[in-house]
Each structure stands twice: as structure tokens, then as C-alpha cells.
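Student: As they're listed, the protein sequences go chains A and B. Residue numbering for the first sequence follows this note's numbering, beginning at 1223 and increasing consecutively. Residue numbering for the second sequence follows this note's numbering, beginning at -8 and increasing consecutively.
Simulated from the structure, these hints should not be mistaken for lab results. There's no promise every hint is true.
[Unchecked claim] So, partial list: chain A residues that the calculated Cβ filter (under 10 angstroms) puts toward chain B:
id, residue
1, S1323
2, A1456
3, L1461
4, A1462
5, E1475
6, K1530
Every residue gets a Cβ at the ideal spot worked out from N, C-alpha and C, and that includes glycine.
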Amino acid sequence: MIPKFDYVRPDSLRQAIKQLAASGTRIHAGGTDLLGCLRDRVFTADKVVSIGGLSELGGIKRASDGGLTIGALTTLAQLASDPVILKDYPALAQGALSAASPQLRNQGTLGGNLCQRPRCWYFRGDFHCLRKGGNLCYAVGGRNDYHCIFGGDACYIVHPSDTAPALVALGARVHINGANGSRTIPLESFFVPPGKDITRENVLAPNEILTNVSLPAPAPNQRSSYRKMRARGAWDFALAGVALSLRFGVGGEVEGARVVLSGVAPMPWRVAEAEKALTGKRITEDTARAAAEICIKGAEPMEYNGYKVNLVRALVEEALLALR
Amino acid sequence: MVGKHKIIGKPERRVDAWGKVTGKAKYAEDYTVGHQLWGKVLRSKYPHAKILSIDTSKASELLGVEAVLTAREIPGSNVFGIVVKNQQILADERVRFLGDGVALVAAKSKEIADHALALIDVQYELLPVVSDPEEALRPGAPLIHGDTNEFVHHKVRKGDVAKGFAEADFTIERKFKTQFVEHAYIEPEAVLAEPAEQGGVKITGSVQNLFSSRRSVAEALGISLNRVQIIQSTLGGSFGGKDEVMTSMCCRAALLAGRTGKPVKMVNTREESMLESYKRHPYVLYYKWGAKKDGTITAMEIRVVADGGAYASMSPFVTWRSVVQATGPYYCENVKTDVYAAYTNNNYTGAMRGFGSPQVDFAIESMMDELAEAVGVTPLEIRMKNGFEGGAVTATGQKLAHTVSLKEVLSKAAQELGFEEKWRRYRDAKAVAKRRGVGLACSYRGVSLGAEGVDAAQTTVSVQTDGSVIVSSGVTDMGQGAQTQMAQITAEVLGISVDRIQFLNTNTSGVADSGPTVASRGTVMGGLAAKNAAEKVRATLLEVGSELTGTPVDALDLADNYLVNERTNERLASFGELTAACFNKGRPMIGLGWHKAPRTSWHEEEGKGDAYFTFVYGANAAEVEVDTETGRVNVIDFVSVHDVGKAINRAMVTGQMCGGVAMGLGYGLLEEFEIEAGIPKQLNFDEYLIPTSMDVPRIKTVIVENEDPAGPFGAKSVGEPTNELAAPAIVNAIYNATGKRVYEIPANLERVFLGHKLTRHDKRGSEQKNAFDAVMVESCKVRGGSE
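Given only the sequences and the hints, what does the whole structure look like? Please build it.
Tutor: Structure below.
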């Protein structure tokens, strides 16, 4: 049963931000993650502020620079089927399509997907873990099959989003509005690693709202993809995944690359060294293999999640070869 | 009547289909009555603890709360159990697993009931937890009941295994492990209990085995059986899962209804359901076979330990089927099988589709492939060499007198998949990243309860003056199609169309105790009782028809809703005219059908007996593609072949076969209900993964029909055999593809990739483990405190 809370549905962004000033408020967009968290008492809410009525947060628009602006309320289903995204930013469409189930994709929003809470079963269960203010990460000595192999630091969650790695690979920026004005930052710096602050996954202040995401204009000869491995064929979070965005030169060599892993770190995990190694080279079985090997360098598997190392290597290689 | 069936064998529409697809079907939660209260259970905070005190005073004072009950307020018996009575409706002195109930609340709303639960103060003293069945059997382990955790030891003895191993050219010795799995019925547990007008209680609920639940309710209330009426609502699945957990819910709701004098509804959330309900038994299986170079098996020595969890439940029966079937359908003169069940602080384990066979079939069929490899023949050849034929004598000394179709189903499965050619080609293929493989598995399975217990059932057929018919049975429908098959049998015997039949949901006060609807006995037992009932009605109607028309009885037939002259095919009267005449002449309009199963026997000490009155045979063949770089297994083709004796309804048999494979695929590849130090890890389907339509391949089904006189129109079982072979067929296919064998299911990514679980710390010290257990217990405290 969901504990009682107040519910408001403001009709302007300004009003919404005002409502968020009180402590104990939570933003409600699609609700697919929020309601589960409230029901399972992962966290509580005194007041839920629905932003569902804010038309300024919807829609996919061509920007003046040829890029794209995507409102935070855009559903995953819209992202997965938008013709412009399918053509210019396939990694994002693939990421959105690979998330959840059709019903959840109809309801879940882009903003919510980026801000969703981790799926660690200790965090979600009745365990007073570090991330919930306790003093222990139960995954360390417990079952850590689905935990991270990169970037863990006292807490070993993975970031559950499939759109985030795709957007980071595509060079997305996020726009944030709050009581103290608005700011625009690269999506990459939106996420907060546990080493920095163990209680949050992103930089949003309590009275801030992620309003939209913008993508730069696609370069000619840019190709992107998102590939995800999961335990079953549908409706499952990534055990590991990789988002790629590659810009090719006239000779078929890579001019610019972004390689971002999912399902293996507390945030979308960019592998700059692999990107560097690919730059200036054509994608061959050898360069793909080499980049894949770089991607697993420094992996720190726990007792039960060593299989993820293999997944990453195989996925990166396969994804690179598929894009050539 | 062979060859001239009008209804039997046809894909008749299910009698319950229309209600289900239009939303008119009423599931237990859909029943709502005036003044209804909501019942809720306070469950244990710890997997194992002594209850020091329970203070319900604050909860009782809450506005809207009408009753708070603990074990002390139960007027009758607090314990129940079909074999061993050791499960409590509410824990009195000790909790033995996290799903145990401690107190009950009835309140005007769910919200108030939930609030009241939080106000109940229970003080516990923690007890050590045992979560591993083998550890539970070691001296010094924490005891769950009495002075030993070993509560089952079944054996089978045949010949002399020492002699058998001495005759062997080689031995194969392997250890296998299987996991807890959840039934995953779509409808969680729900009941409505109403105080009855003449005293007692009427319960409408999602109950699989009404008569055993009724007995426990009567004992809990301290009243006679006739004062407890349980009516089965339309069930949203059960798969063996709505037995004890529903008994417990029926008792709790009845107790609250008795205390308040008002109707009480109880509905579990999915989390409550997964936390409290019983699971399929995890087994640890030690198999040792001796064999000759030509593949003859000279000895089988088998030891199995089953995790029974906190209560006995069906473990004694489940493990008995395992001990009978542990050698598979293969000749072997020297057999020694021991199956144990141990109490632990895990979820208790009980009946689930397959009932002790999926675990042993995984081991047997893996062993058979290893034997084939050792001897240098194909998996099909080794099974054809060792497989049972007509007149075979099983490990328990039973001579098989029915049509033994093992080799027929095996050949058909192999042929349909192109097994032999593919198996050789894939074995010899070069090592690329994505490799294909094929696997085979077969089994024999005892039909119905066998020597487990009394095996009899009742079905009633009652004709109305307008020619419509009402059928009711003590055999229940939980979605498997029992009502439809009994309706078809009735329609066949009475020469009417199925749409004339209205099937009543089972009501314990309307039919005789027909035992539990388990063990794939519905078609055989309920079907034969239906046939028996319909034949009685038919005899009466033909007599009436003869009196009416002057035609001798032996020239009359009932066909296509008419009384006909069999010789001239002349229609003499409509079925409705005939039933009206029957009424007007004051003749019985009702047939009471009863069927008692043929004799079976079991000698527990000698480990021998005629375990089942007949058996069924099945074979599955799987084709997989394994990504050797990730361990990902895709099942790309599947063949399921079963000898069902006679398909009463081909569409339903095909449905059972496909559903069984899908469920078996989940068992083999995906599903695992993980319990860590007594605490389950997955309480909903976001983490407990069952297969989706994206995971299940196209399934070719082949129905083999060797009619068996033990069943109606030759029909026997289909529900469970379809679910026991997918996992071993897939695991064998993985081996064919990769050359690596998986000894522990589910065959998830890491097990397929590495062939074992990945561990960074090779030996986790016991100190570390103890520290972790302490942490888990601490977390329980927090979990309790935060509520």
C-alpha cells in the first residue's frame, strides 16, 4: 500500500518549481518508477508534484542549429518511433525501445528515465543500505550478480537507464530549471558517482526540474547504435550494454567516437581510451577487438558478476563491427 | 466407439473461455458483499525466532478495526498439514520462515488494516538460521521441528549395486543442483469468507484443493465438515500452488469472519504472495552409474537431498515421486536410490507442476548424454538401447502392462527436429562465436496419485427438462481445462453438443470429497467419473426413449441432440423431448458418477512396489544457439512429443504442451527464487524473471495416442509431463553446442559461459559468512523498525 501524500498538479513550470520548495516533495511525470518506489517504501513523499500538465515540457523540436530539443515529458514510446530520431539518432531510438515493456514505454518519460532510482535489490528491498542512509552496502558480501564492475565506491549500483548511455554517446545536454534560474550542462556531468555523493544519482537540487534534453546536429557520416544484453528477451534491465556514436571520414576511418557502457557502472560509463584508440582507424575485426579489450580494462568484478566482463567485451566488439 | 467419436478429440471451445475473454469470469477478488471487512496478516520479521510476546492492544483500539487475532484466539486446531501436521495458521511460540503469520487484523478498509498491523508489537528472540538442506542434515544444525531436520527418507532397492558396479567397465559420478522456483500464477491468493446462515462459514476463493482446505477450516473453527462450504471461484492459475497457502488463507479469513460475524475478504499482494507461498523444491542430486562399454547400465546409485523449507507440506509425496522415477525409463538391474528431505528456514516447498520429476529428469537426462559420450554413440542411440519396452520391469519392480511408447515418442521427437544429423554436424562444427546445438530428453511418468493415497473422484451429470445439462465435479478447474474435458466426455456419452452443458464451479457441499486435483489426475479420475455419471443418465434416457417410441433399447442411440434409431438413423425425439419425458415419468434426472483408481502398492521399507496404475511417455528435442562470448542461450526450435493415450481435446492438449515447454524453459534458463540466509531476494516479477513471448520459440507439438483402458476413452495425463523435459533438453543442447555441461540450473549466462559460478574469493571463509548472516539479521531488525 502506498503511504498517504499530498498531490498537486501545477499548470506552469514556475508554479511547479514553487511547489518543490517544500521539503519532502517528489516529482511525478510518468510515475512508473515513482509509484513503485513509494509503494515499496524505498523513499517517502509528503507531497507529490505532478508535472504531467506542463505542455512546455513535451514535444520533439528541430533546433535552429539543426539539432533536436526533446521535452522531458516525451515518452519512451515516442522516442522509439520518432522518424527524426530513428534517422539521425538511432542509438536513442534503440535505447528507448529496449527499455521495459510497451505499456511502460507508453507511460514512462525521458526525464523520468534519466532520473530513475537504481534497481539494486538491497536498495529496493527492506535493507537500510548506504544509499538510504544506512552504514553498509549489502551487495559487497551478498548477492551482487547485477551490480557494477566499474566505478563502484562503497556502493555498487548500476545506472538502470537505457536512454542515458545513448544520449551521452550522442553528446546530449540537459536543461534544468529551478528556483535559482536555469542551467544547461552536458548530460555526462548530470550523473553523480557514489564516490562523490552516495545518496543521489544526479545533480538535481530538490527544487529543480529537468525540462528538456538537446542533441547537437548530426554530423554527416555519423552512425550510432545501442546494444543491450539482458537475461530474457524483453522487459528486463541491461546486464550490460553499449552505446556507440561514430563519425566516419571519407576514407571510412573513424574521425570521432564515443563509447558509453550501460549496466556496468553507477552512471553511463564513457571509455575515453577506447574512443581514442578507434580514432583515425577503420573498424576492422582487429580494431574492434582491441577497443573491446580496452573497455574491460580495470574492471573490478565482485563475487557473482564477473560474467559482465565477458558481456562487455563481446557486446562492444559486436556493436563496432555492426556499425562499420 | 473408436473412430466414431463426435466430440472426443475435437478442439471444442473451452467452456470457460467466453467468460474469461469478455471479463465476465469472476475471480476471488471480484466477490464483494455488504459489510465486508478486509483481513490482513502480520508476518514474521525474522526467518527463525522465538516469539516472546505479542501486544495487540494499540491495534485493537484503532478506529475501524473490528478484530485482532493471534494464535491464542483460535477456537479449534491451529495446525494443519496433509501428511505431517506441523504448519500453523498463526505462529504461537516460534516463527520458522519469513512468510509465517503472527497475527490477523480485520478492519473496515485495507488501509486501516495495514495501519493496524503496524501497531502490533511483537517481541522476538532470534534463533540461528539454516538455509541449506545439506547443512540442515549435519549434526549440530539449528533444529526446525523436533529433534532432527530429516523428515523424509524414501528408498528404492533393486538387485545389488555393489555387484553392479563390479560388473561395470566404467562409472560416471556427477552432482547436480536445482533451484527454488515460483509458480507465478497470474492471480495472487484471494478469498471471501462469509458467516453462514445456519452457523459455520461459506468461503469463495482461489483454492486448488477444496477438500483439504475445508478440513483444516473445520478443525480451526472446531466445527463439522458440513458447516464449512468452500466454493471455487474461477482460478487465475495455480500450477499446484494454491494448496496449503490457500488453506492457511481460508482458515485465517474464516477465523476473522467467525470473530466479527461479518464477511472478510483477504487478498495477497504479489509481494506477500511470493514471500509466503511455497515453491518448487531445490534438489542436490548425487548420481553414480556403472556401465559396460556397450552402454548397458549395470548399476545406479542415487542420493538426493530436497530442501523442504519450514514445513512438511507435500514434501513426502513430491519426493516419493522422485524416488520412484529417479532412474528414468531405463533398464538397470541394480538400483539403490535414497531421497531425503530436510527442514530449513526457507520458504516451504510443495506441489508444483511436475511434482518431483523436473529435478530428477534434469539429472537423469544429463547422465544419459554423458553415458552416450563415454560409449561413443549418439544421445538417441543410447536411449534406444537402454529405454523401456513393453513388459519392462521398473526400478521399483513394477512390470509395465500398458503400451510402453517410450521409443515411439523418442523417435518422433528426434525425427521432427532432424536430431541425429544436426547433433553430429553441430558436434563437429568449428568453434565460432555463435554455435548451435541440439538436445534430447525423455521420461516416463506415473499417472495420478499412485500409492501416495486414496484415489477416487465424483462427477455428477444432471439433465434438465429442456434438454440442457448441468455437470459438477469434485475435480477442480484451475485453468487446465478439467471442466471442458468432463463436458466433452458427458456430451459424447449423451450425444449432445457441448454448448448444452453448464459446468458448475466446484462446491464442497455439492459434491463428494474427490481428493486433490493434482498429479495430472483430472482427466483420468474426473473424466471417468463423468463418463460413469453420463452413462447412468444415458441408460435411463434410452429406457425412457424405448418406452416412448416402442423401439428396443439396443436399437436406440443418442446423437446430435436427438434420440435416434441406430439402424434407420431416424430421429425419434429431440434430446429435450426425451428429458422432459424422463421428468414426466418420474425417472431419475441425475447420474452420480464415481471412479476409484486401480490398485497400486508400495513397501516403504523394501523400497519396492507397483507405484502407479499406468504411466505416460514423452520426449522433447531442443535446438539452441549459444553465444559463446556472452553465454547467452537462444532456444530457436523445439519439439514436444507426448503420448496422452487419447486427446479428449486436441487444442487443449496442444496448449498444455506449449505451456509446459514455456514453463520448463524458464526453469532451465531463467528462473530462480533466491533465498539468502532465509530472506528471499525477488518478491515481484521485475526481478523474478519468467519467460516472455520473446523467449519462447515456435514449438512443434506431436500428440501420440496409444489408448489406455485406465482412462476415459483411452485418455491419460498431459499437464505435468509437458513441463519436466524442456530443461534437460536445453541443457543437453547447450553441451552439444559448446562442449560444456551445466550441472546447476538455471543455465544462466555465467554458468553457460564458464560452466560454473564465478567467484572471486574462491573460499569464502565461514567467518565472513557468519558475519554476513549477522548483517542480514540486523537488516531484518531495521526492516521491522521502519514499518
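Student: So, for every hint listed, does it hold in this structure?
Tutor: Verification of the supplied hints:
A distance limit of 10 angstroms between C-beta atoms decides the matter here; for A/S1323 the minimum to chain B is near 8 angstroms, and the interface restraint holds. Annotation: interface hint on A/A1456 holds; nearest CB of chain B at approximately 4 angstroms, less than 10 angstroms. At a threshold of 10 angstroms, the smallest CB-CB gap from A/L1461 to chain B is about 7 angstroms, leaving the interface hint in force. A distance limit of 10 angstroms between C-beta atoms decides the matter here; for A/A1462 the minimum to chain B is near 8 angstroms, and the interface restraint holds.
Hint status for A/E1475 relative to chain B: violated, with the closest Cβ pair at about 26 angstroms, above 10 angstroms. Residue-level restraint check for A/K1530 holds (minimum Cβ-Cβ distance to chain B is 9 angstroms; threshold 10 angstroms).
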